[in-house]
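Participant: Sequence:
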Amino acid sequence: AAFFNSVTAFPSTIVGAVIAHQADVSANWQGLLLAFGAGIYLFVAITELAPSVMTLSGGSVARASASRLLVFAVGAACIGLVLIDHAHCAPEGLAAVVDAAGHAH
1 AAFFNSVTAF PSTIVGAVIA HQADVSANWQ GLLLAFGAGI YLFVAITELA
51 PSVMTLSGGS VARASASRLL VFAVGAACIG LVLIDHAHCA PEGLAAVVDA
101 AGHAH
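Numbering (our numbering), first residue to last: 1 to 105.
Heads up, a few of these hints could be off.
Stated by the list, open to error - Have a look at the derived ranges for each label pair, beta carbon to beta carbon: (1) 76 to 52: 26 to 34 Å; (2) 4 to 29: 28 to 36 Å; (3) 83 to 40: 18 to 26 Å; (4) 35 to 15: 20 to 28 Å.
Just so you know, the hints here were simulated from the structure itself, not pulled from any lab data.
Fair warning: this is a prediction, and the values are worked out from it, not measured in the lab.
Every residue, glycine too, gets a C-beta built ideally from N, C-alpha and C.
Take the sequences, apply the hints, and build the full model.
Facilitator: Structure representation (structure tokens):
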């Protein structure tokens, strides 16, 4: 089932990425879409992980908690890799924005 789920999800992800790349989206809409996606990501993560965390018992609680924390940290680091060369674009002719390294918004 997981294989077929991956096979069917991959083409839709590629098509969605192509459409998003070609679409002209304003900064406000982009922010709203990113916030919406982040909310869905957190909801799925919490609803999938919370029941297993709540049922931890016995001597392996610390080990199970540490492994979940490690996996979360690795995932957060992978997502953070996108921000290594983070920069903002500035419209031409706006010297104040360029002087503020693109962060004057």
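Participant: All the hints need checking, so say for each whether the structure fits it.
Facilitator: Right, here's what the structure says about each hint:
1. At roughly 19 Å, the beta carbons of residue 76 and residue 52 sit outside the given window of 26 to 34 Å.
2. Separated by about 33 Å at the C-beta atoms, residue 4 and residue 29 satisfy the suggested range of 28 to 36 Å.
3. Against the hinted window of 18 to 26 Å, the Cβ-Cβ separation of residue 83 and residue 40 comes to about 20 Å, which satisfies the hint.
4. Between residue 35 and residue 15, the C-beta spacing of about 23 Å keeps the proposed range 20 to 28 Å intact.
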